[in-house]
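Given next are the chains, with one letter for each unit.
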Amino acid sequence: VSPTPAASSVAAAEAQVPLRLDVGRLGRWLAPVCAAVAICVAGIALSGFHKGFPASWVLGSGVPNWFDRLDSWVTTNQSSNFFLNTIIGGIGNVLGGATNDLVNGLHWLTWVGVLTLATLVAWIVGRWRTAVFAAVMVASFGILQIPNGGPNGISVMWGPAMTTLALMAVAILISTLIGIPLGIAAAVWTPVSKTIRPVLDVMQILPAFAYLVPIVVLFSIGNPAGIVATVIYAVPPLVRFTEVGIRTVRRDVIEAAEAFGATRMQILRDIQLPLAAQAIMLGLNQVIMMALSIVVIASLVGAGGLGDPVLQALQTQDLGMGAVAGVLIVFMAMWLDRTSAALGHRTSRRTGSRKPLTRRQLAALWGGALAVVLVAHYGLHLGDWPSGWGFSIVDQVTNAMNWVTTQLTGVSESLSSFLTLHVLNPLQAFLGDFPWWLLAALVGAVAWARGGPRRAILLVGCVALIGFMQAPVGYTFQQTTSYDFSAWDDAMLTLSLVIVALTLDLVIGVPLGIAAYRWRAVDNALRPILDFLQTLPAFVYLIPVVALFSVGNLAGVTAAFVYALPATVRATTLGLRAVQREVIEAGQSFGSTRWQLLRKVELPIARPYMTLAVNQTILLVMAEVVVAGLVGAGGLGLDVVTGFSRSEVGLGAAAGLAMVLMGVILDRLSQTGQLEGGQGQ
Amino acid sequence: MKNQRRSLRFPGGRPRVTAVAALLAVTAIAAVAIAATATGAAARTNGKPTITLATNSWEGSLANNVVAQYVIQKYLHYQVNLVTIDEIPAWTAMVQGKMSAVMEEWGHSAQYSQDINKTHKVVNAGLEGPNGNIGWYVPTYLMQKHPELKTWRGVKKDWKLFVTPQSSPQGQFLDGSPSYVTNDQALVKNLKMNYKVIFAGTEAAQLTEIETDYKQKKPVLFYWYTPQYQNQIYKFSQVQLPKWTKTCAKLKPAQINCAYPPYHLYKVMAATLPKTAPSVAKFLRRFNWTAQDQNQVASDLAVKHMSNAQAAAAFAKSHAALIKSWLSAKTPYTKVEPPAFGT
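These protein sequence lines are chains A and B, in that order. For the first sequence, my numbering begins at 90 and goes up steadily by one. For the second sequence, my numbering begins at 49 and goes up steadily by one.
These are calculated hints, taken from the structure and not from any lab test. Among these hints, one or two may not hold up.
[Stated by the list, open to error] Here are the simulated DSS-like cross-link-like pairs (lysine-lysine), alpha carbons at most 25 angstroms apart as the crow flies:
id	chain 1	residue 1	chain 2	residue 2
1	B	122	B	204
2	B	169	B	204
3	B	300	B	240
4	B	294	A	140
5	B	294	B	193
6	B	265	A	140
7	B	237	B	294
8	B	283	A	140
[Said to hold, decoys possible] One side of the interface only, derived from the structure: several residues of chain B facing chain A at Cβ under 10 angstroms:
id	residue
9	124
10	126
11	212
12	222
13	251
14	279
15	280
16	300
17	373
18	376
19	377
20	379
21	380
Please read all numbers here as calculations on a predicted model, not as lab measurements. For glycine and all other residues, C-beta sits at the position ideal for the given N, C-alpha and C.
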């Protein structure tokens with residue numbers, strides 16, 4: 090996760106932050122805080138006779154029912170309706186066909202061909218190190234084997250890796266075709282930007298589990314469903330980066346072009362787009378990372394690939410299998426990340442240590458690669474990676490993980506019961522009893538103080554709407570399952586999980602970020618761990634988390650905490666780095682100690698970044714609330730998981746929407762002033 | 049115009065050309081590869097459709113599938129793919145013709161009446177053999193220590209035994225994957241028990257929790273079922289819930305107050321399968337084995353870490369006559385109609 094989309098807004102906010110705290114500012118803060126405390130006290134006093142959200146307040150026949158009816162309309166009209174049958178079905182067939190062709194193509198290239206091409210591309214766009222890294226990562230798909238991990242019991246992961254690669258390639262291509270034009274449109278026409286922003290918010294916060302069932306209904310299982318789910322999740326950052334990239338091209342450059350009589354189209358094509366190229370490449374890089382983070386989700390709808398062994402490992406509680414498959418996904422992410430990042434650097438400036446290749450050299454290289462491919466395929470009759478060339482570390486990993494878990498169980502169990510009994514349960518009880526209108530008032534007051542009356546009205550509306558997501562009492566869901574769903578109560582439970590996970594992230598992440606800023610050694614040691622945690626699919630650590638903390642809310646909090654930690658650490662370090670050298674030197678010349686400097690100068694100046702860190706952490710924790718539902722945490726996460734696994738479209742959609750509303754509230758509350766375009770991932 | 053455009057170009061333009069060239073070259077090679085394989089791909093399957101079987105999240109489901117896959121590939125010469133998918137999405141996929149069959153169904157009367165009886169997109173493929181049993185269980189060590197746990201009344205009385213930090217101040221009832229057939233929230237409410245139903249979210253999380261408690265001989269009350277190969281590893285005892293009756297079966301889901309019905313596990317397949325792959329459809333109808341057979345294959349896979357092919361081959365070797373009977377046209381097959389298979 091990169092903070093770049095908000096970099097401009099942070100710069101804007103930074104300009105407003107005075108170096109010392111003036112009294113007027115303090116007063117502006119004190120009033121809302123006092124009001125908030127008063128409202129809380131009133132809430133506790135009044136909660137005796139009015140808890141939560143009235144069960145009888147239902148919109149029409151209930152939001153879940155709307156979606157259930159829509160779903161049954163789609164399923165009954167699917168074969169007769171032109172749009173559903175021809176258009177949607179056609180898109181599905183094209184996507185499925187293209188992916189299958191690409192998978193076959195990758196197999197046809199043979200393992201030698203894929204390895205050669207991956208290395209060559211990395212070398213052309215990057216340096217020697219990029220190329221060697223790419224070669225090692227690609228080779229790991231063959232070398233790190235998982236007994237019985239692939240389809241039909243194969244142990245070489247080359248085939249599943251190629252399936253995932255093809256799926257990613259198609260998903261990334263489609264994301265580019267949609268994301269870049271949309272980003273350009275949003276940058277050129279402000280109404281477009283205003284219209285799509287809430288849509289992008291929904292796409293980013295709505296958990297994939299909530300839209301998997303509709304996708305299966307429309308596209309059936311397999312590759313097309315996997316691609317559609319991936320594109321929905323991965324495209325928003327590209328749109329945002331493109332828009333911000335074009336919008337931040339300096340005015341004077343554009344004015345100069347206008348003075349030369351350039352048309353608007355020319356300015357866009359020849360000035361804004363080239364200058365925004367680096368931002369767009371960064372966006373593309375984000376697309377790749379996000380797409381790879383839902384490989385396992387794509388496997389849930391039958392897309393196959395490297396997500397399958399992760400799911401299979403869950404089924405048999407095979408810790409090692411899940412971990413090794415997760416590592417392979419991380420490796421693929423790192424390979425594509427480094428290569429695309431190198432391409433991004435190339436696009437922006439030519440500071441590479443190597444002289445750029447001439448056209449003739451390039452032609453020779455590609456010709457050579459083609460020759461290698463042809464010889465490998467027709468001459469040597471190679472195919473997938475040979476099964477003898479690799480080994481399995483699954484058993485060793487399983488043993489190691491079991492050993493660690495056993496050693497930690499004593500500590501983790503007492504920690505778990507303490508936190509559950511004395512932090513989570515009381516917080517949950519408190520929030521659960523809180524009258525909805527008092528919470529709305531509280532949110533409104535804070536929103537007013539932070540963003541003015543418009544934001545206050547928006548957020549109060551969101552709070553009320555969460556309650557209205559509920560179904561009427563005694564509603565029987567579409568698939569006639571018995572399940573208690575109270576949108577408000579579940580949202581409050583989820584809120585308690587988010588608060589605890591966020592607190593843990595800040596308490597642990599911010600000091601780690603400061604340490605990484607102060608000491609290079611810490612930074613170097615942390616970087617690979619953070620990279621790893623950021624791309625490791627959460628499904629891999631579900632079982633260890635349960636073994637340590639028992640099924641329940643705390644297991645969910647832990648999963649969310651682990652997932653969001655890298656973003657907290659990174660944003661903190663980045664914010665501190667943004668403090669200008671001269672300011673620090675000025676402080677030093679006044680004889681400040683290192684600690685004084687950090688406390689009095691660096692941290693206050695880095696505050697806008699800290700706000701951003703909090704914002705990012707909240708959104709990531711929200712994203713992980715669904716996974717928390719897979720380890721026994723209740724709330725909206727479990728509702729969405731249940732909606733997916735029972736094909737209850739109404740339940741999944743209503744709970745998903747409640748989650749989106751919650752995400753929007755938390756996001757807007759954690760932003761200062763009128764931040765533009767910075768609702769990051 | 050042309051000159052003017054050139055003058056506007058920035059030095060950053062050139063490397064962009066390199067990048068685009070690289071992308072184009074990759075696309076070109078990929079296109080060549082696709083063109084070369086497009087013809088080969090169709091020939092490989094000999095014009096026969098690929099059979100897809102749904103693997104659900106319990107190990108028994110995989111055991112059924114690996115044996116079916118082995119038999120279909122070896123004797124009927126169709127390619128078989130196993131697709132990991134949840135139960136209800138598998139029905140959706142069968143309706144759309146993207147899934148050939150599901151080898152083990154528990155209940156699902158709503159889907160049965162919609163997709164089999166009403167739209168005829170899915171057909172009943174007969175009994176699988178084992179009888180399914182869903183219920184409330186405790187570890188046997190706990191039942192021996194507290195014999196009153198044999199019935200739900202004892203469980204109701206002993207709720208304090210099962211209090212955990214998560215469920216506090218109530219007792220904890222540990223449910224598994226929300227995708228499974230459960231009435232537990234309704235049961236707890238309607239039998240007026242002081243329990244909180246905690247969904248583990250996945251069967252894996254539930255089992256991890258049970259294992260952890262089992263190792264420390266702690267009390268735990270949970271939703272469980274047979275056939276399940278884990279029952280050979282752990283000793284669990286069932287709690288008697290109020291007897292299942294036809295009247296209770298007619299209640300709304302939220303009002304259920306009796307035990308789970310007996311399940312006769314059955315198979316279903318896409319309605320198009322008998323036309324597109326007649327021999328496979330005939331085999332699927334006759335596939336029938338016992339819970340013991342399934343447990344053997346499941347534990348070969350999960351405990352002994354055999355590959356799918358190894359486990360299936362081992363089973364086929366020791367059960368040659370059974371496999372022959374699945375392929376013989378003379379073998380009668382049992383069709384089952386609702387509500388015989390349960391709710």
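Hint by hint, here is what the structure shows:
no.	hint	verdict
1	B/122 / B/204	violated, 53 angstroms
2	B/169 / B/204	violated, 44 angstroms
3	B/300 / B/240	holds, 17 angstroms
4	B/294 / A/140	violated, 39 angstroms
5	B/294 / B/193	violated, 34 angstroms
6	B/265 / A/140	violated, 40 angstroms
7	B/237 / B/294	holds, 20 angstroms
8	B/283 / A/140	violated, 44 angstroms
9	124	violated, 16 angstroms
10	126	violated, 13 angstroms
11	212	holds, 7 angstroms
12	222	holds, 7 angstroms
13	251	holds, 7 angstroms
14	279	violated, 15 angstroms
15	280	violated, 14 angstroms
16	300	holds, 6 angstroms
17	373	violated, 25 angstroms
18	376	violated, 26 angstroms
19	377	violated, 28 angstroms
20	379	violated, 27 angstroms
21	380	violated, 32 angstroms
The earlier numbered hints that this structure contradicts are 1, 2, 4, 5, 6, 8, 9, 10, 14, 15, 17, 18, 19, 20, 21.
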